[in-house]
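Colleague: Listed here are the chains, written in short residue letters.
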Amino acid sequence: DAGVIQSPRHEVTEMGQEVTLRCKPISGHNSLFWYRQTMMRGLELLIYFNNNVPIDDSGMPEDRFSAKMPNASFSTLKIQPSEPRDSAVYFCASRRGDEKLFFGSGTQLSVL
Amino acid sequence: DQQVKQNSPSLSVQEGRISILNCDYTNSMFDYFLWYKKYPAEGPTFLISISSIKDKNEDGRFTVFLNKSAKHLSLHIVPSQPGDSAVYFCAASGGGGSTLGRLYFGRGTQLTVWP
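If you read the sequences in order, they're chains A and B. First residue of the first sequence? That's -12 in the numbering used here, and the numbers climb one at a time after it. First residue of the second sequence? That's 3 in the numbering used here, and the numbers climb one at a time after it.
Mixed in with the good hints there might be a few duds.
Quick list of in silico lysine-lysine cross-link-like pairs, DSS-like style, CA-CA up to 25 Å [stated by the list, open to error]: (1) LYS11/A to LYS65/A; (2) LYS70/B to LYS39/B; (3) LYS70/B to LYS58/B; (4) LYS73/B to LYS11/A; (5) LYS55/A to LYS70/B; (6) LYS11/A to LYS39/B; (7) LYS56/B to LYS65/A; (8) LYS58/B to LYS73/B.
Note that these hints are calculated values from the structure, not bench results.
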């Protein structure tokens, strides 16, 4: 299996622009998580889906952030408009049932 | 509010010696604990876990200890090797209700093993 696939690996954009991060979970996994890693807060959960349905989005910072999972093999995290404080590494992770979580390689986002 | 805390941002250990990474949690409902390891430019990878019904779990050079009364767990690496140099994240799950299925992570500890 190719593992959790995230794109792009790096994204540099200007403040105010829309940013879309993409994730393909491992086939057969029914839960998908979006995390953000910063020095100050470590790994913080933004949102997670179970069977394509958002279960907990309490970690989404504000209305500028939105996430979708239109089917079992694809999810997006969108930031509109982006701000410099959104600069971080964004990880997508997936798992099957209560099994361990598998992470993608992350998207390094820099908002100038 | 951090429910899982790793108070040491970094740890430096000589090769061959023991590395001890510590983690504290505040939610007494947590019933499953994990350690993840992260190399630069990669995502975290699962290392070892422990259920709250146990107080120790061992896997090769890695042992996790759980002290429920103190809400504390630790990861021991013996002997430490330079390839163990990475960021280690402690995580916990449980609590039921709306938090079911959610993993709470600490901020991580950067372990450096020098020759």
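Colleague: Each hint needs a verdict: does it hold in this structure or not?
Modeller: Outcome of the hint check:
1. LYS11/A to LYS65/A: 15 Å, holds
2. LYS70/B to LYS39/B: 23 Å, holds
3. LYS70/B to LYS58/B: 11 Å, holds
4. LYS73/B to LYS11/A: 36 Å, violated
5. LYS55/A to LYS70/B: 37 Å, violated
6. LYS11/A to LYS39/B: The hint holds at about 22 Å.
7. LYS56/B to LYS65/A: 41 Å, violated
8. LYS58/B to LYS73/B: 14 Å, holds
Violated hints for the displayed structure, listed by number in ascending order: 4, 5 and 7.
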